[in-house]
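If you read the sequences in order, they're chains A and B. As numbered in numbering that gives the first Met the number 0, the first sequence has no gaps in its residue numbers, which increase by one up to the final residue, 430. As numbered in numbering that gives the first Met the number 0, the second sequence has no gaps in its residue numbers, which increase by one up to the final residue, 567.
Any given hint could turn out to be false.
Claimed, not checked - Across the chosen pairs, the derived CB separations fall in these ranges:
(1) A:Lys247 - B:Gly105: 35 to 45 Å
(2) B:Asp487 - A:Gly92: 54 to 64 Å
(3) A:Glu253 - B:Lys283: 52 to 62 Å
(4) A:Glu381 - B:Gly308: 51 to 61 Å
(5) A:Gly76 - B:Ala306: 50 to 60 Å
(6) A:Glu309 - B:His356: 14 to 24 Å
To be verified - DSBU-like, lysine-lysine: derived pairs with alpha carbons at most 30 Å apart:
(7) B:Lys533 - B:Lys543
(8) B:Lys503 - A:Lys232
(9) B:Lys403 - B:Lys497
(10) B:Lys149 - B:Lys451
(11) B:Lys503 - B:Lys451
(12) A:Lys84 - A:Lys155
(13) B:Lys149 - B:Lys503
(14) B:Lys149 - B:Lys283
(15) B:Lys533 - B:Lys51
(16) B:Lys324 - B:Lys380
(17) B:Lys370 - B:Lys225
(18) A:Lys232 - B:Lys497
(19) B:Lys451 - B:Lys497
(20) B:Lys283 - A:Lys74
(21) B:Lys283 - A:Lys380
(22) B:Lys451 - B:Lys380
(23) B:Lys503 - B:Lys526
(24) A:Lys84 - A:Lys380
(25) B:Lys403 - B:Lys449
(26) A:Lys74 - A:Lys380
(27) B:Lys403 - A:Lys417
(28) B:Lys370 - B:Lys380
(29) B:Lys449 - B:Lys370
(30) B:Lys526 - A:Lys232
(31) A:Lys232 - B:Lys283
(32) B:Lys533 - A:Lys380
(33) B:Lys324 - A:Lys232
No lab work stands behind these hints, which were simulated from the structure alone. Treat the numbers as computed from the prediction; the structure is a model and nothing was measured. We put the beta carbon where it would ideally sit given N, CA and C, even for glycine.
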Amino acid sequence: MNLGFRPAALAGIPFGMSRRHFLSHLAGAAALAGPATSFTNSILANAADLKKRHKSAILLWMGGGPSTIDLWDLKPGSATGGPFKQIATTADGVAICEHLPLMAQQMHQMAIVRSMSTREADHMRGRYYMHTGYVPNPNVTHPSYGSVIAHELAHKVPHLEIPPFVSVGGGSEGPGFLGMTWAPFMVDSNGTVRDLEMGIDPARLAQRLEMLATVEQRFIGERRGGSPEDHAKVLEKTVRLMSSEQMKAFKVQEEPAEVRERYGNTGFGKGCLMARRLVELGVPFVEVDLGGWDHHANIFPTLADQKLPELDKAMSGLVSDLTERGLLDDTVVIWMGEFGRTPNINGGAGRDHWARGWSVVVGGGGFKRGTFVGETSADGKEVLSEPYTSQDLMASVLKALGIPLETTFTAKNGRPMKIANSGKVIKELFA
Amino acid sequence: MVCSVWCRIAVAFVVGVLAAGLSPGCLAADQPDHYGIRQVRVINERIAAGWKDAGLEPSPLATDGEWCRRVFLDLIGRVPTLTELQAFTVDSSASKKADLVARLLGDDYVDEYARNFTDVWTTVLIGRDATNANVNRSGMRQYLRRGFSKNIPYDRFMEELVTASGANTNRRGVAGFNGATNFLSGKMEEMGVANGVQATAKTAQVFLGLQVQCTQCHNHPFNKGKQNQFWEFNAFFRQTAALRRRDGTEDVQWIELVDQDFPGEGGDPEEAELYYELRNGLMKVAYPVFVDGTEVPTSGFLPGTMADGTPYGVNRRQELARLIKTSPLFPSAIANRMWSHFLGYGFTHPMDDVGDHNPPSHPELLESLAKAFQEQSYDLKELARWIVLSRPYALSSRTTPGNKSDDPALGERPKFTHFYLRQMQAEQLYESLLTATEVDETRVGEDAAKKKDRWLGQFVIAFGTDEGDDTTTFNGSIPQVLMMFNGDLVREATSTGKGGFLDKVASSGLSPTQKIDTLYLAALARKPSAKELKTANALLSARKGDVAGALQDVWWAVLNSNEFIINH
Numbered sequence: 000m001n002l003g004f005r006p007a008a009l010a011g012i013p014f015g016m017s018r019r020h021f022l023s024h025l026a027g028a029a030a031l032a033g034p035a036t037s038f039t040n041s042i043l044a045n046a047a048d049l050k051k052r053h054k055s056a057i058l059l060w061m062g063g064g065p066s067t068i069d070l071w072d073l074k075p076g077s078a079t080g081g082p083f084k085q086i087a088t089t090a091d092g093v094a095i096c097e098h099l100p101l102m103a104q105q106m107h108q109m110a111i112v113r114s115m116s117t118r119e120a121d122h123m124r125g126r127y128y129m130h131t132g133y134v135p136n137p138n139v140t141h142p143s144y145g146s147v148i149a150h151e152l153a154h155k156v157p158h159l160e161i162p163p164f165v166s167v168g169g170g171s172e173g174p175g176f177l178g179m180t181w182a183p184f185m186v187d188s189n190g191t192v193r194d195l196e197m198g199i200d201p202a203r204l205a206q207r208l209e210m211l212a213t214v215e216q217r218f219i220g221e222r223r224g225g226s227p228e229d230h231a232k233v234l235e236k237t238v239r240l241m242s243s244e245q246m247k248a249f250k251v252q253e254e255p256a257e258v259r260e261r262y263g264n265t266g267f268g269k270g271c272l273m274a275r276r277l278v279e280l281g282v283p284f285v286e287v288d289l290g291g292w293d294h295h296a297n298i299f300p301t302l303a304d305q306k307l308p309e310l311d312k313a314m315s316g317l318v319s320d321l322t323e324r325g326l327l328d329d330t331v332v333i334w335m336g337e338f339g340r341t342p343n344i345n346g347g348a349g350r351d352h353w354a355r356g357w358s359v360v361v362g363g364g365g366f367k368r369g370t371f372v373g374e375t376s377a378d379g380k381e382v383l384s385e386p387y388t389s390q391d392l393m394a395s396v397l398k399a400l401g402i403p404l405e406t407t408f409t410a411k412n413g414r415p416m417k418i419a420n421s422g423k424v425i426k427e428l429f430a
Numbered sequence: 000m001v002c003s004v005w006c007r008i009a010v011a012f013v014v015g016v017l018a019a020g021l022s023p024g025c026l027a028a029d030q031p032d033h034y035g036i037r038q039v040r041v042i043n044e045r046i047a048a049g050w051k052d053a054g055l056e057p058s059p060l061a062t063d064g065e066w067c068r069r070v071f072l073d074l075i076g077r078v079p080t081l082t083e084l085q086a087f088t089v090d091s092s093a094s095k096k097a098d099l100v101a102r103l104l105g106d107d108y109v110d111e112y113a114r115n116f117t118d119v120w121t122t123v124l125i126g127r128d129a130t131n132a133n134v135n136r137s138g139m140r141q142y143l144r145r146g147f148s149k150n151i152p153y154d155r156f157m158e159e160l161v162t163a164s165g166a167n168t169n170r171r172g173v174a175g176f177n178g179a180t181n182f183l184s185g186k187m188e189e190m191g192v193a194n195g196v197q198a199t200a201k202t203a204q205v206f207l208g209l210q211v212q213c214t215q216c217h218n219h220p221f222n223k224g225k226q227n228q229f230w231e232f233n234a235f236f237r238q239t240a241a242l243r244r245r246d247g248t249e250d251v252q253w254i255e256l257v258d259q260d261f262p263g264e265g266g267d268p269e270e271a272e273l274y275y276e277l278r279n280g281l282m283k284v285a286y287p288v289f290v291d292g293t294e295v296p297t298s299g300f301l302p303g304t305m306a307d308g309t310p311y312g313v314n315r316r317q318e319l320a321r322l323i324k325t326s327p328l329f330p331s332a333i334a335n336r337m338w339s340h341f342l343g344y345g346f347t348h349p350m351d352d353v354g355d356h357n358p359p360s361h362p363e364l365l366e367s368l369a370k371a372f373q374e375q376s377y378d379l380k381e382l383a384r385w386i387v388l389s390r391p392y393a394l395s396s397r398t399t400p401g402n403k404s405d406d407p408a409l410g411e412r413p414k415f416t417h418f419y420l421r422q423m424q425a426e427q428l429y430e431s432l433l434t435a436t437e438v439d440e441t442r443v444g445e446d447a448a449k450k451k452d453r454w455l456g457q458f459v460i461a462f463g464t465d466e467g468d469d470t471t472t473f474n475g476s477i478p479q480v481l482m483m484f485n486g487d488l489v490r491e492a493t494s495t496g497k498g499g500f501l502d503k504v505a506s507s508g509l510s511p512t513q514k515i516d517t518l519y520l521a522a523l524a525r526k527p528s529a530k531e532l533k534t535a536n537a538l539l540s541a542r543k544g545d546v547a548g549a550l551q552d553v554w555w556a557v558l559n560s561n562e563f564i565i566n567h
């Protein structure tokens, strides 16, 4: 249970301090610009807002670089093709790996982009690039998908008391110049949030918080740079979260057994189920991490016996569940890693890093369903059609969410930064 | 005798800190601000020249309390105790800063200095993720702790890490323990393939400030790094193997890092070569060649002598250590790293990525520090002394209209016109909480280390790659705030239990205001403002005579503040 940090509990405390009063002390006027923080108002707004449609995105992040040539763009009969066969799917003309039979039943909702061509084949650089649309730059840190989308969509869900960017089972990438307010909130796949409860009387907590706000504000007032104020903003969010009934969304175990079974009893399965619960509540961006794709050796048994069954169950469970609940039209799903893997199979029966030609999968929101985009050569090494980049993919995702591509941020150094690094929308993904 | 210690502190506190106050530090007129140390003067001059060129004004000096807190955090990894703070603030001699630094770098604090730099270098050398089975963190720490306790010269430190062989774990029944092996023991294999790729990347990054990991697969897109250079550097690690050892049972194992003959991938151990794959699928050959183009003999045999007395073979890692030591990048990389440790930003950003694509902000100063460090026999404590006694390190973190634009967080090249804020590292926070609440004496030995490890482990997020990349949630985000609000460590630190810190303050003979002053000084090295005192007094009356309870509220608030967790 949470602290029960409710307006009623705060009404009678000394110093005449309300939650709003506290928050204003804590963060200063600047931090409060934006959605109204009045607790009462937000509760009144709650019921109505929840029924309203809101857009969200779920990123299924495949850390390590999945072998897309073995999943979504098979090359049977080629020397680089590996042992897997392809199977037909519910989408006309779209065949995928035999070890993804459940996803084969959902491909009419999805679209494969087989013509990703990027240049970053180092893990850290690749994950940064694919998360931000920018190559790493020593002078500026760019915001990741989750931070950008949360930043653009959070104001449409004013009832939301939990963070607008949740990362399940992984670290995602940070908010860069957008500031710690837009940092990913990380939870494990059981939805455990550590240290959520203080176990003291709410009135006393409020008094402590007022004391804290006094210290915070003094330090902010001394003009030592931006981080003291960032700290205060995160305090404000933490207090909101501690007092929120919405924390229930993290409790996947409250789902009926048959729903949990649909996603599979794996960390990734639980993460995908949590993503659905969070999206239902209005969280604009959820990233679910499935690591362990860095198969430099012994790749095929590892894929067939471990990675693909876990992925297949969870991802198909998510797509079908979102569809049945009518959420898919407003929820974009993205499946990707930092790069693909070499068509050449190395001496250790593995595949190494390969960024020049690889695949991602998208679906939901405004995306066209049941299709594929692009073509690679017979050995899988080259993209034969128009190649697409991380920024193109990001632009397409934003379009599918209805976020204007003219949006421009101002980096901390005052330089304007176009959203998605001026990527071009992948036209074939839209009807 | 806990009580008498406390009474002594309380008395000293009343006559000392309260009387002296914490005024902005200033130097006596006759004391030059370089303390007669040439390198301090060079730093001050070069940095000031940078201000002049950029048309910036430096901030005034930090207060004595701020500077004292800073130098304790950076040198020994924790905030000062009340006694230590008071000793510094009442000292009116012109050499008080140099004296304090001498003490912190001297025998009195040798264990704490070693603990702090062990924490720092454990992260540098093996990261924070504790899941790599081929690394024994305790063994790594034992090596580092001994090294920093003895202040071994940095060139020897590098050589011991780069050439280490032996068992990585110090346990009964394991012969030949050498904790230094842990730097490389977990970096020799990727997914069961013994290629030394991570050893290559990390050695170049840590000791030369070169980021070469991208060039494993291709020529670097924007610096001069070429793929052949990566594999030629990698060739130095091909006589090295990380062998898994068991002591009879199946599950107990350790790693033995050994040098062994490298037969070469082409079948000729006299020309022991390795092959790597170009992007177009062609294979190329590589022999050991250092980053500056220096070649070493191509033999894969370890050194030996033939029956006729002719020597043969070469130890590639020893050759590598020798070449690193002669490289100008070596002292420069450590000078940049140490500057970044103390000033918050290096001369390049990131500080371990140098080259034409990323030129330093103060090239002459970096070169001068590197050269002086080399001439000073690679003495890390001397390098630290020069930096912490310099003027840029002594400046306030408060910006002025004349230097507000100097903000590296905005992507500007740092000019060091004011002290840049940074959040404490998790290790510094942990030690500071122990210090501020005076519980350190109850935590000693291996149990204490394990407890600390478990606490630190909660923040680590691994990235799911086989390079062991990780990040931390100890980054100012919500989980960190929750930990500070409600976590066990803070719960313990704010306990009002008998004989604990708060109990001692509450039951001391100090006045209510002095009690609150005490909490502020212990955590923030300053006294509360009038407004803070007023809020604290309101808490005292709200707790209706429960002084310990009210102090607990104040203490909780102070420990949770931005001012506490930010090194300023």
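Hints, verified against the model:
no., hint, result
1, A:Lys247 - B:Gly105: 35 to 45 Å, "violated, 56 Å"
2, B:Asp487 - A:Gly92: 54 to 64 Å, "holds, 57 Å"
3, A:Glu253 - B:Lys283: 52 to 62 Å, "holds, 57 Å"
4, A:Glu381 - B:Gly308: 51 to 61 Å, "holds, 58 Å"
5, A:Gly76 - B:Ala306: 50 to 60 Å, "holds, 58 Å"
6, A:Glu309 - B:His356: 14 to 24 Å, "violated, 41 Å"
7, B:Lys533 - B:Lys543, "holds, 16 Å"
8, B:Lys503 - A:Lys232, "violated, 34 Å"
9, B:Lys403 - B:Lys497, "violated, 48 Å"
10, B:Lys149 - B:Lys451, "holds, 24 Å"
11, B:Lys503 - B:Lys451, "holds, 25 Å"
12, A:Lys84 - A:Lys155, "violated, 45 Å"
13, B:Lys149 - B:Lys503, "violated, 37 Å"
14, B:Lys149 - B:Lys283, "violated, 45 Å"
15, B:Lys533 - B:Lys51, "violated, 43 Å"
16, B:Lys324 - B:Lys380, "holds, 19 Å"
17, B:Lys370 - B:Lys225, "holds, 28 Å"
18, A:Lys232 - B:Lys497, "violated, 36 Å"
19, B:Lys451 - B:Lys497, "holds, 24 Å"
20, B:Lys283 - A:Lys74, "holds, 27 Å"
21, B:Lys283 - A:Lys380, "holds, 20 Å"
22, B:Lys451 - B:Lys380, "holds, 26 Å"
23, B:Lys503 - B:Lys526, "holds, 19 Å"
24, A:Lys84 - A:Lys380, "holds, 19 Å"
25, B:Lys403 - B:Lys449, "violated, 43 Å"
26, A:Lys74 - A:Lys380, "holds, 10 Å"
27, B:Lys403 - A:Lys417, "holds, 26 Å"
28, B:Lys370 - B:Lys380, "holds, 15 Å"
29, B:Lys449 - B:Lys370, "violated, 40 Å"
30, B:Lys526 - A:Lys232, "holds, 25 Å"
31, A:Lys232 - B:Lys283, "violated, 54 Å"
32, B:Lys533 - A:Lys380, "violated, 70 Å"
33, B:Lys324 - A:Lys232, "violated, 47 Å"
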